[in-house]
Amino acid sequence: MHRGKALVGLLNNPVVPSIIKYAPNLVEYIDVIPDRLWYDFEHGEAIGGRFHRVVSAIEELKQCSKGRVLGGHGIGLSLPSAVPIDVAMVAEVASLARELNFEWYSEHLSMFLVSHGSVPNSQAGLGLPIAYDEESFDIIRSKLDVLKRALACDLLLENGAVFTPVPDTTFSEPEFLNRLYSELNCGTLLDLHNLYVGLLNGVLSPREYLEQLNPDCVHEIHLAGGDELAGFYTDSHSGLTPSEVWSWAYEFTPRFKNLRAIVFEFHESYFEKLGLKGIAAELERMHELAEAVASGAQLGHVS
Amino acid sequence: MLVEFQQALADLVAAPELCRQIRANPSLLRQRYDLSQREYERLVAMVNQRGMALNCMLYRANRLAPLALNLPRFCRAMGARLGPLLSEYSMLHPNTNVHFYLEGERFGHFILAKISEGFDLEPRVKAIFDEEFSKIKLGLFATYTAI
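Just so you know, the sequences run in chain order A and B.
Mapping of the first sequence onto the working numbering: position 275 corresponds to residue 270, and the numbering continues sequentially without gaps.
Mapping of the second sequence onto the working numbering: position 107 corresponds to residue 244, and the numbering continues sequentially without gaps.
Chain A on its own, in the form it takes in the complex (with noise of 0.2 Å):
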């Protein structure tokens, strides 16, 4: 089997335009959260408006750009929640997404927002889960449509980390994210990691995860390392991607015939932790693997 190469690339964060200038060929690709390119006043009527842009950080965004693939990986919108979409923050994802040229979009399959206030994410990746069922279903299924005619780009949806899953669900979260592709053709953003946190804290199974999962959904992988916290592993992005993770990845990544990017997130907090070097050495392990799989070649892991 011969197709197009999948994107080698990052998670956008104020050290990767260090990354991309100690190793510019491994960078293909950055995902844009564009919640940091902005300050969210609210209510900023009185100072020019609601959003005020990080023009430093757009700029040199820019500039790192030239060459590369970017696409939007969104957190504010929580297009799960039972609550009106943002209408207002989803022109400035719009806007901003024509500015940068997003090749797509992706939000978050979690919950961050409630009537009544919201969940941080501001370090270690908690948005809450949500019931797969029908009424989940028709509020996401609206919201998208909201956000496909603001952007026209193909949309994803990521599975989060998972440490409380909701029981007793009409769906399964890969069930779940099969019917959002069959029926909104809203593609899956695959956190590989994700699953690692399920597996160790005791909430899924990857494999069988992996396995309900249609292949044809997944247009983008995401990579990351985690730490413990009192027993339980998180997902911190605090380090490189770990063996298992790796294991699924080889394994798995020859059926998603659709994958065009293979992403790794790392928090700028512990980039001194993992350093240019080991960064570096994961984006050209992503590289093999994107070609091996492109060509059809042979995949073995090695630890």
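These are computed hints drawn from the structure, not numbers from a lab.
Treat each hint with caution, since some may be false.
Said to hold, decoys possible - Derived coverage of chain B by chain A (criterion: at least 3 residues anywhere in the stretch with Cβ under 8 Å from a Cβ of chain A; other residues may be distant):
(1) 185 to 199
(2) 231 to 238
(3) 251 to 258
Every residue, glycine too, gets a C-beta built ideally from N, C-alpha and C.
We have chain A already, so just place chain B on it with the hints.
Quick look at chain B alone, frame taken from chain A:
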């Protein structure tokens, strides 16, 4: 109602004490939220899952992160007194902003309000607070112009 289910879940991860109360007396959920039988049963099961402790820890860590980054010396100087302040602040402002200057500025105003209400800060700690809060305000002011 799904909106109530989601609110209850968010309230639980923000308040370990509420989790303890619900574990001891699940019917409190019905008193506080308009839930279907299925939603009620889901929440009772979730609050008893092992991972709820991690949800609560991550909520707390993520609320603390912007403050520890922008007011590091103040947070250290407060020591054990910081925890109750953070709980009170989180209850007062259940929404968060991914931008740390905004979160830091709001927390700074919260501390100022506490001081005006009589909260006692020794002069050394107050001086640290004033210095770090000034830096936050300067940083935030710079963002006003970056449209």
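- Item | Check of the segment 185 to 199 of chain B against chain A for coverage (Cβ-Cβ below 8 Å, three residues minimum) | holds (count 12)
- 8 Å C-beta criterion, at least three residues: is the segment 231 to 238 of chain B covered by chain A: holds (count 8)
- Assertion that chain A covers the segment 251 to 258 of chain B - criterion: three or more residues, beta-carbon distance below 8 Å: violated (count 0)
Going down the numbered hints, you'll see the structure goes against just number 3.
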